[in-house]
Amino acid sequence: MQIRPVFTALRRHRLATLLIALEIALACAVLCNACFLIINRVQRMKMISGVDESSLAFVQLTGFETKGAKDLNARMLNGFGGIAGVLSAHVINTVPFGQQAGTFGISLERSMRNIPAVIDLYLGGPGSLEALGVKLVAGRAPQLADYVTLTNDFPSDAPVLITRSLAEHLWPGGDPLGKEFWSGGDYHYRVIGVVEHLAIAQPGSRGVASADWSAFAPVQPGPFLAGGYLLRTAPGEAPRVLRDARATAMKIAPDSVLDQDASQTVSDLRMRYFENDRGMTRILIGVIVSLLLVTALGIVGLASFWVGQRRKQIGIRRAIGATRGDILRYFLMENFLIVSFGVVLGIGLAYACNLMLMKRYELAHLPFYYLPLAAVALWVLGQLAVLGPALRAAAVPPVVATRSV
Amino acid sequence: MFGYYLDLAIRSLKHNKVLTALMVLAIGVGIGASMTTLTVMHLLSGDPLPGKSASLFRPLVDPDPTPSRKHDTPMDVMDYRSAVDLWNAHRADRQTLVVDSPVKLAAPASKMPPLMPSLLATTADFFAMFDVPFQYGSGWSDADDQRRSRVAVISASLNDKLFGGANSVGQILHLRSTDVRIIGVLKPWRPSPLFYLVAGGRFAHGDTAGFYGKPEDVFVPFSSSLEINDGYFYQFTCWAAPKVPGHLIDAPCEWVSVWVELGDAGKVAAYRRFVADYAAQQKALARYTNADNTRLPSLMEWLDYNGVVPGDVHLQAWLAFAFLAICLCNTIGLLLAKFLRRGSEIGVRRALGATHAAIFMQFLIEAGLVGLLGGILGWLLTLAGLSLVRQQPTPYADMVHLDEWMFLTTFVLSLAVSLLAGTLPAFRASRIAPALQLKAQ
Numbered sequence: 001m002q003i004r005p006v007f008t009a010l011r012r013h014r015l016a017t018l019l020i021a022l023e024i025a026l027a028c029a030v031l032c033n034a035c036f037l038i039i040n041r042v043q044r045m046k047m048i049s050g051v052d053e054s055s056l057a058f059v060q061l062t063g064f065e066t067k068g069a070k071d072l073n074a075r076m077l078n079g080f081g082g083i084a085g086v087l088s089a090h091v092i093n094t095v096p097f098g099q100q101a102g103t104f105g106i107s108l109e110r111s112m113r114n115i116p117a118v119i120d121l122y123l124g125g126p127g128s129l130e131a132l133g134v135k136l137v138a139g140r141a142p143q144l145a146d147y148v149t150l151t152n153d154f155p156s157d158a159p160v161l162i163t164r165s166l167a168e169h170l171w172p173g174g175d176p177l178g179k180e181f182w183s184g185g186d187y188h189y190r191v192i193g194v195v196e197h198l199a200i201a202q203p204g205s206r207g208v209a210s211a212d213w214s215a216f217a218p219v220q221p222g223p224f225l226a227g228g229y230l231l232r233t234a235p236g237e238a239p240r241v242l243r244d245a246r247a248t249a250m251k252i253a254p255d256s257v258l259d260q261d262a263s264q265t266v267s268d269l270r271m272r273y274f275e276n277d278r279g280m281t282r283i284l285i286g287v288i289v290s291l292l293l294v295t296a297l298g299i300v301g302l303a304s305f306w307v308g309q310r311r312k313q314i315g316i317r318r319a320i321g322a323t324r325g326d327i328l329r330y331f332l333m334e335n336f337l338i339v340s341f342g343v344v345l346g347i348g349l350a351y352a353c354n355l356m357l358m359k360r361y362e363l364a365h366l367p368f369y370y371l372p373l374a375a376v377a378l379w380v381l382g383q384l385a386v387l388g389p390a391l392r393a394a395a396v397p398p399v400v401a402t403r404s405v
Numbered sequence: 001m002f003g004y005y006l007d008l009a010i011r012s013l014k015h016n017k018v019l020t021a022l023m024v025l026a027i028g029v030g031i032g033a034s035m036t037t038l039t040v041m042h043l044l045s046g047d048p049l050p051g052k053s054a055s056l057f058r059p060l061v062d063p064d065p066t067p068s069r070k071h072d073t074p075m076d077v078m079d080y081r082s083a084v085d086l087w088n089a090h091r092a093d094r095q096t097l098v099v100d101s102p103v104k105l106a107a108p109a110s111k112m113p114p115l116m117p118s119l120l121a122t123t124a125d126f127f128a129m130f131d132v133p134f135q136y137g138s139g140w141s142d143a144d145d146q147r148r149s150r151v152a153v154i155s156a157s158l159n160d161k162l163f164g165g166a167n168s169v170g171q172i173l174h175l176r177s178t179d180v181r182i183i184g185v186l187k188p189w190r191p192s193p194l195f196y197l198v199a200g201g202r203f204a205h206g207d208t209a210g211f212y213g214k215p216e217d218v219f220v221p222f223s224s225s226l227e228i229n230d231g232y233f234y235q236f237t238c239w240a241a242p243k244v245p246g247h248l249i250d251a252p253c254e255w256v257s258v259w260v261e262l263g264d265a266g267k268v269a270a271y272r273r274f275v276a277d278y279a280a281q282q283k284a285l286a287r288y289t290n291a292d293n294t295r296l297p298s299l300m301e302w303l304d305y306n307g308v309v310p311g312d313v314h315l316q317a318w319l320a321f322a323f324l325a326i327c328l329c330n331t332i333g334l335l336l337a338k339f340l341r342r343g344s345e346i347g348v349r350r351a352l353g354a355t356h357a358a359i360f361m362q363f364l365i366e367a368g369l370v371g372l373l374g375g376i377l378g379w380l381l382t383l384a385g386l387s388l389v390r391q392q393p394t395p396y397a398d399m400v401h402l403d404e405w406m407f408l409t410t411f412v413l414s415l416a417v418s419l420l421a422g423t424l425p426a427f428r429a430s431r432i433a434p435a436l437q438l439k440a441q
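Quick note, the sequences are listed as chains A and B, same order.
1 is the number of the first residue of the first sequence in full-length UniProt numbering; add one for each residue after it.
1 is the number of the first residue of the second sequence in full-length UniProt numbering; add one for each residue after it.
No lab work stands behind these hints, which were simulated from the structure alone.
It is possible that part of the hints are untrue.
As the list claims (entries may be wrong) - Simulated restraints on C-beta separations:
(1) 89(B) <-> 54(A): 37 to 43 Å
(2) 423(B) <-> 2(A): 33 to 39 Å
(3) 265(B) <-> 15(A): 52 to 58 Å
(4) 148(B) <-> 246(A): 23 to 29 Å
Just so it is clear, CB atoms sit at the ideal spot from N, CA and C, and this is done for glycine as well.
Just chain B, with the same shape it has in the complex:
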């Protein structure tokens, strides 16, 4: 039966090519617009560490000691002492500190002029916690953090630039005036967003595209980088002015992010208590004033809190779906016109014994076929739309692509829209009284 209806549908669509083209165009354009924005949303709002993110948490405290100032929420990042205290306590399965700063870099082995890449000061657990993939070598050990070893891990793109992609483990880099030895080279790694540095999203007025930048090019032990790049660190905010700019270890500033890995709910609860107890203890020492202002959001909660998906992307998605709704109305109207015009054909088929359900199915299949054609057009338009997005000067432009899920979604959405559009016209068509139609002949 399906084959027969399909044959009927193809005949009918061929019969009135202009109307068919109009319907396919309406669905295709609507699908193309919505799938372009939906794909961007999907890429930007996804989980940067699937399977792992649920066990990653970000402790937050309120280290501002100014008695008169009361904050509703903890600070986004921590002062040096709080961060290092929490890290040193080793109460989580894993814990790491992260802070980025620009650093002057040169490689004696290459003839390149000095570069100014971003340096990530972090600790040994970083690579294991965030599933960072290595091409050559490995990360450093806890002992390196303690000893302030002059070692570095570099990104794949920096390795390509300086060493032509060869194994550069053991090579020396000049970081400012210090020599560090490369002990690891990463594989291309592009978390979306750059979650471990996300902070301050609530002050960004929806302009959060910057969270989707590329990871740093150089990773150096936290303790070592404080010495190597002293004077070049930037604060997130300060409650009083730092005495020496860029030297933030003893400054009244918040600038270090802390991440912890906690394997199960029991550990999460225990760690939450630990952070609260720490804040209470610091208050007793007169270092904090707001001891009850601590939080422990998970990675996804943190991204959500920072509203990482840019406001413009939301706006584009709303526009695209409004546009799809208009296309849907349009298609319903056209299908209605097309189906009801065939009253005499329906009359004959009903008189020869076709049931209401059979007529309904026949027309629904015709609508579905329009949807399938619209889906193909929509897929092509989505590809075109995404290539336009890739040309935009946004930090996430290089990541934009149509993955297999979104490819499937294109056709599912297109079929769903066309079947939804077809239901009402098909129902109306199946209710046409045969006698009246036959008499009119």
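Chain A with its partners taken away, still in its complex shape:
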């Protein structure tokens, strides 16, 4: 079919055409960026913690005095061991998606001149690393002799296991085994093993890259490592075990305070940690749906107006030989041209929005394939929206041409 008459007609409706195109352009820009943001959030929510989330529960006690802590640990581990479904119980300072603990800046030199990374140091009693279920990829797991005694919140000299991403960041391309790092000048750590993944307690809170920058130090439970308990359960048993463990904890240590917020299964901690991202994803989806709806309604409204305005011309065209299909195709083509014009404008706008978002948020460039996808979506939307009015136009009988109004 000929495109020229469609162009000629559109030129007579420059303002309305421009408005719809502008609307399409804005819709295209928001659609691309909103989809991109959704993908980003979804990827964040898929973050790998490296631990067996579904069979882990964490119990946190507070409000006890340091001098009784050793005794508390012994009583709690004993009590937890008696709960049906508990495979093992361990003392640990925190778990992925739990409260921040053991965060410090580390340096490869004792002088602490440069601090290349801020990491989370997990401190765990015997068996806790195995209970977490992290995957060892190099070196060795801690042996009984490796478990050091704490005289402060951090061990002053300890063997540690670090994650692959931290190793790659500190010693790019090198072998991390046997390497050393320092913190606060006097605190010295030597790498004995590398694990595939072990997310920091609040992954993403210190930037995307550092989500997996953690280390694990084998430590004997005692006055400086007490109150946090990791329970390994049979698969699927974690929620029930947690309920029993909370009751046990309150019974064994009525003078302590059970931190209700922190005492959760690791799966629930994860759910709660990403609650904001889920909320934001829902909002973005809501925006996209209402945006497409409003755009479609705008197209329907304007197309209906044009059909009404051109009834007589349609009648004349039909009277001199145009088929219904010709009329239908005319309106579909007209819409296609307007949407295409809008998409062209929208590509520029989408990139401008993306640049603005990149400045304010940690976002990458908008991938190129988003644009053709958005264009196709808007073309389909436009064609569907205009179909109703176009069918009504096609139904105009040729006899209209003979009437005066």
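Given the structure of chain A, go ahead and fit chain B onto it with the hints provided.
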């Protein structure tokens, strides 16, 4: 004339109900989305102490003595000695120290199991400086700070929980292993954000919702709480490891916030000099290395510096306004269609003597009426949107409400948008040549 145009507008809107509904829907949805996010922005970016904030300042110094480390900006909080030195100098109209820590609390008078609320260690001036409202009793005096009195002020919510809201002044609380006497109970108090503890926003990657949490439940003199809750204080950061965890008085750590009240510009300038002189003196004593790294931001400057409004809230506002722009385009298009369709009516009115301006006014009033209807829909959608926000698990969810300003803004914005949308179509309609239209009849 206005009444007549209004009548015409109502007739015209009734004439084509579907088109009218489409326009009202577009404006209403756009307004609802933007006003929801705008209200959240308004609540989160507002002044926590209107009328008072301009006289509140936060001195900042750089106490890190490590010679090799050079900071571009001072530390967010201070070490114990710097903070107490500035406080003891009494160079401002008022000055206070603040630091929070979790504390085990039990009330002998109530049968509740022990709780673990947040304790705010602060000084006598805190309550007067920050206009903290009292329900019963009062705060403590400077002498209490000096004597390390075992007294406490508690929040309204803790008073409700432990004493059923009754006057609990004179009651005893166990804080860890110490007995303290309640001397004051606050009225419900919910500053937004919890400005006096805001710090470290630049490291938060936009995730700053935590700044909007509730105030602490227990307020105890700074000097007393250091003894009561020794071992339970958390550092903001340390330049070397503390010897005893949680015992920060002599630790190489930054953990105490200082606030001062300065009545006029002269005092501000004088205090700025005082802080700079203090830093220079500390450098002379070899305690500081970066003496020139001092600042004195005002409360609002400090909130701004910390970027307290969460990044997600900004993002939602941008989205909502992009959406409003789309709705605006849509409405312009629909109004244009509606107005230009009435060429013959315009022709008759022009032929009978109506001026361009009269036609323009008539159509603008019609657009305004659409805006008003859209405003009502937008208001309802805003209320619905805000109730959704209240169900989100964010710390500020309980504060979200539509105040009278935002209620008014809803309708002002809606009218402004519709009039803006109506201007171009009304102008085009008023330019229609009457002769052509009449001939076509």
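Status of the hints after comparison with the structure:
no.: 1; hint: 89(B) <-> 54(A): 37 to 43 Å; in the structure: 57 Å, violated
no.: 2; hint: 423(B) <-> 2(A): 33 to 39 Å; in the structure: 36 Å, holds
no.: 3; hint: 265(B) <-> 15(A): 52 to 58 Å; in the structure: 54 Å, holds
no.: 4; hint: 148(B) <-> 246(A): 23 to 29 Å; in the structure: 37 Å, violated
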